Amino acid sequence: MSAVVVRTRPGGAGGRGQETWSGRWVRRLRFYLPAVVVFVGTLAVWQVFANALAGKVTVLPAPSVIVETLRNHWDDARYPLGAAMQGTLTEALGGLALGTLAGVLVALASARFLTARDILLPVAVAASAIPIIAMAPLFNAWFGILNPLSKMMMAAVLVFFPVMANVTLGLVSVDKAALELTRSYASSEWAVVRKVRIPNALPYFFTALKLATTLSLIGAIVAEYFGGQRNVLGRIIVESASSLAFDVTWAAIMLGAASGIVTYLVVALLERLVIPWHASQRSEQ
Amino acid sequence: MTDNAPVVRLDGITMTFSRGGQALTTALEKIDLEIRRGEFVSLIGPSGCGKSTLLRIIGDLIAPTAGEVTVNGKPATRARLDRDYGMVFQAPVLFDWRTVQGNVELPLEILRFDRAKRTARAREMLELVELGDFVRHHPYQLSGGMQQRVAIARALAFEPSILLMDEPFGALDEMTRERMNLEVLRIWEQTGTTVVFVTHSIPEAVFLSSRVVVMSPRPGRITNIIDIDLQRPRNDATRETERYFELVTAVREALHHPGSTGSSGSTSSTSSSGSAAGPRPPSTGRLAVEGAVG
Numbered sequence: 001m002s003a004v005v006v007r008t009r010p011g012g013a014g015g016r017g018q019e020t021w022s023g024r025w026v027r028r029l030r031f032y033l034p035a036v037v038v039f040v041g042t043l044a045v046w047q048v049f050a051n052a053l054a055g056k057v058t059v060l061p062a063p064s065v066i067v068e069t070l071r072n073h074w075d076d077a078r079y080p081l082g083a084a085m086q087g088t089l090t091e092a093l094g095g096l097a098l099g100t101l102a103g104v105l106v107a108l109a110s111a112r113f114l115t116a117r118d119i120l121l122p123v124a125v126a127a128s129a130i131p132i133i134a135m136a137p138l139f140n141a142w143f144g145i146l147n148p149l150s151k152m153m154m155a156a157v158l159v160f161f162p163v164m165a166n167v168t169l170g171l172v173s174v175d176k177a178a179l180e181l182t183r184s185y186a187s188s189e190w191a192v193v194r195k196v197r198i199p200n201a202l203p204y205f206f207t208a209l210k211l212a213t214t215l216s217l218i219g220a221i222v223a224e225y226f227g228g229q230r231n232v233l234g235r236i237i238v239e240s241a242s243s244l245a246f247d248v249t250w251a252a253i254m255l256g257a258a259s260g261i262v263t264y265l266v267v268a269l270l271e272r273l274v275i276p277w278h279a280s281q282r283s284e285q
Numbered sequence: 001m002t003d004n005a006p007v008v009r010l011d012g013i014t015m016t017f018s019r020g021g022q023a024l025t026t027a028l029e030k031i032d033l034e035i036r037r038g039e040f041v042s043l044i045g046p047s048g049c050g051k052s053t054l055l056r057i058i059g060d061l062i063a064p065t066a067g068e069v070t071v072n073g074k075p076a077t078r079a080r081l082d083r084d085y086g087m088v089f090q091a092p093v094l095f096d097w098r099t100v101q102g103n104v105e106l107p108l109e110i111l112r113f114d115r116a117k118r119t120a121r122a123r124e125m126l127e128l129v130e131l132g133d134f135v136r137h138h139p140y141q142l143s144g145g146m147q148q149r150v151a152i153a154r155a156l157a158f159e160p161s162i163l164l165m166d167e168p169f170g171a172l173d174e175m176t177r178e179r180m181n182l183e184v185l186r187i188w189e190q191t192g193t194t195v196v197f198v199t200h201s202i203p204e205a206v207f208l209s210s211r212v213v214v215m216s217p218r219p220g221r222i223t224n225i226i227d228i229d230l231q232r233p234r235n236d237a238t239r240e241t242e243r244y245f246e247l248v249t250a251v252r253e254a255l256h257h258p259g260s261t262g263s264s265g266s267t268s269s270t271s272s273s274g275s276a277a278g279p280r281p282p283s284t285g286r287l288a289v290e291g292a293v294g
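Going line by line, the protein sequences match chains A and B.
Counting along the first sequence from 1, when you hit position 190 you're at 190 in the numbering used here, and nothing is skipped either side.
Counting along the second sequence from 1, when you hit position 22 you're at 22 in the numbering used here, and nothing is skipped either side.
Simulated from the structure, these hints should not be mistaken for lab results.
Possibly wrong hints are sitting among the right ones.
[As the list claims (entries may be wrong)] Okay, the calculated beta carbon distance ranges per label pair:
1. 266(A) with 63(B): 26 to 32 Å
2. 177(A) with 186(B): 21 to 27 Å
3. 109(B) with 43(A): 50 to 56 Å
4. 144(B) with 176(A): 53 to 59 Å
5. 127(B) with 36(A): 46 to 52 Å
6. 62(B) with 173(A): 42 to 48 Å
7. 96(B) with 48(A): 46 to 52 Å
8. 77(B) with 141(A): 32 to 38 Å
Note that the coordinates shown come from a computational prediction; the quantities given were computed from them, not determined experimentally.
Just so you know, even glycine gets a beta-carbon here, dropped at the ideal spot from N, CA and C.
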């Protein structure tokens with residue numbers, strides 16, 4: 001048979017080459033080391049700086065103080081940080097699910113009917129130019145200020161537009177030759193959607209979803225600023241800051257940040273599992 | 001292998017592209033052509049002569065402005081709905097999310113073959129293109145030539161009666177291209193499929209075809225049809241025969257001086273003008289052969 005150019009192990013579907021276990025860890029370490037150094041360094045500088053200012057300024061508590069506060073106020077009656085993180089995360093994730101679902105459905109519909117896309121994309125662009133977050137007080141009025149649904153809806157609306165725009169793009173930006181190919185199979189439109197358009201849109205979907213995790217937390221927390229139940233991060237941030245308990249404020253911010261990072265990582269992991277074939281997921285090499 | 005029933009019949013195919021209701025370019029003008037069962041016909045011509053457009057019209061990917069396409073005795077659209085066409089493009093158009101096996105199975109899934117039949121059929125096709133060891137690989141793990149072989153296996157998977165190939169090896173290097181030419185001939189001989197092959201490589205057209213259809217641009221027309229009477233089976237040695245060089249020269253002459261030789265078919269008239277052109281074409285031809293050996 002003709003000479004084979006590619007060196008991959010036959011049968012090895014993943015085929016990452018013959019890298020050793022230790023070699024991979026060295027390479028990963030080298031990749032993550034700068035980030036870790038910067039992170040730890042920042043914390044150290046912060047700690048030293050805050051210690052130096054201790055007693056004069058309370059706006060910037062040291063990292064050690066924040067950790068202490070987290071522990072003290074986890075089950076606190078006034079600032080229940082643990083329950084607050086759970087509450088906010090529930091709102092954000094609920095909004096993420098609702099907004100993503102709606103975005104995907106509208107994208108599927110608009111990619112199916114060309115006219116609908118022509119109408120919806122300009123609408124989506126216009127909508128993304130509006131500071132939607134400014135409508136948070138309205139959402140509180142519509143869905144009930146004490147009802148977590150009002151926060152969830154704010155998060156959902158923020159999530160909706162990037163998901164819808166990206167997925168639509170992924171569904172339509174299919175190689176013209178691929179469509180000629182399915183035409184030569186006399187394929188039904190639905191089969192093209194299922195076997196070509198949806199897989200093609202998956203990388204776009206995950207890009208949008210990663211963006212959406214952050215947006216959903218922003219939506220939930222900002223909506224909380226305008227009032228509602230007390231055991232959520234947004235309320236704790238507002239109330240602790242106005243009572244000058246900045247250590248609590250910072251602890252709540254840190255919990256929000258941690259929630260955002262963890263959700264993002266979960267989505268990134270999901271992406272790796274669902275689309276291992278995509279170029280962005282096979283960067284190693 | 002060849003009987004006289006035409007598989008493809010083109011009657012007065014005209015294609016004009018217009019913008020804003022105003023006719024701009026005539027891509028094809030009154031094309032008549034018959035392709036018989038089991039033939040290997042190449043369409044060759046400079047870019048802009050409409051050869052790819054003609055291929056797409058045959059395959060019912062686009063509709064001509066005027067004229068009629070009859071395939072296996074049916075209109076082209078009917079033939080497409082009956083899955084009479086296998087298509088191979090210049091780009092392999094493989095789907096990254098599917099394995100090599102999965103890519104070949106795609107048309108079979110759309111045709112609702114059951115799973116066992118799909119697997120067996122795709123296996124068989126991949127064996128045919130000698131990629132049996134790569135079924136579980138993903139397209140990005142293969143070289144360009146291997147990817148194109150997957151595309152050929154996929155096109156043949158549901159046993160279409162006509163294989164339409166649009167410059168399938170245009171993106172490959174010369175050595176890989178010559179190897180792929182041999183592969184395609186072997187597959188064609190094994191399957192008996194009728195092949196319509198668009199190319200702008202003269203040696204490739206001569207080496208592969210039973211007939212070479214020479215086209216000229218503005219408007220796209222058939223200027224010459226040259227019968228290639230090289231013995232089969234053809235192999236690397238074919239590329240060194242006197243007759244091969246004569247035919248390469250004949251096609252080149254027909255391309256450069258459209259209409260100067262007889263209007264169609266007769267190889268004797270074209271080859272006599274070819275041998276007059278003398279030693280130059282053979283030497284270029286020989287260079288390509290040496291490249292393949294080295």
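How the hints compare with the structure:
| no. | hint | result |
| --- | --- | --- |
| 1 | 266(A) with 63(B): 26 to 32 Å | violated (50 Å) |
| 2 | 177(A) with 186(B): 21 to 27 Å | holds (25 Å) |
| 3 | 109(B) with 43(A): 50 to 56 Å | holds (54 Å) |
| 4 | 144(B) with 176(A): 53 to 59 Å | violated (20 Å) |
| 5 | 127(B) with 36(A): 46 to 52 Å | holds (50 Å) |
| 6 | 62(B) with 173(A): 42 to 48 Å | violated (21 Å) |
| 7 | 96(B) with 48(A): 46 to 52 Å | holds (50 Å) |
| 8 | 77(B) with 141(A): 32 to 38 Å | violated (58 Å) |
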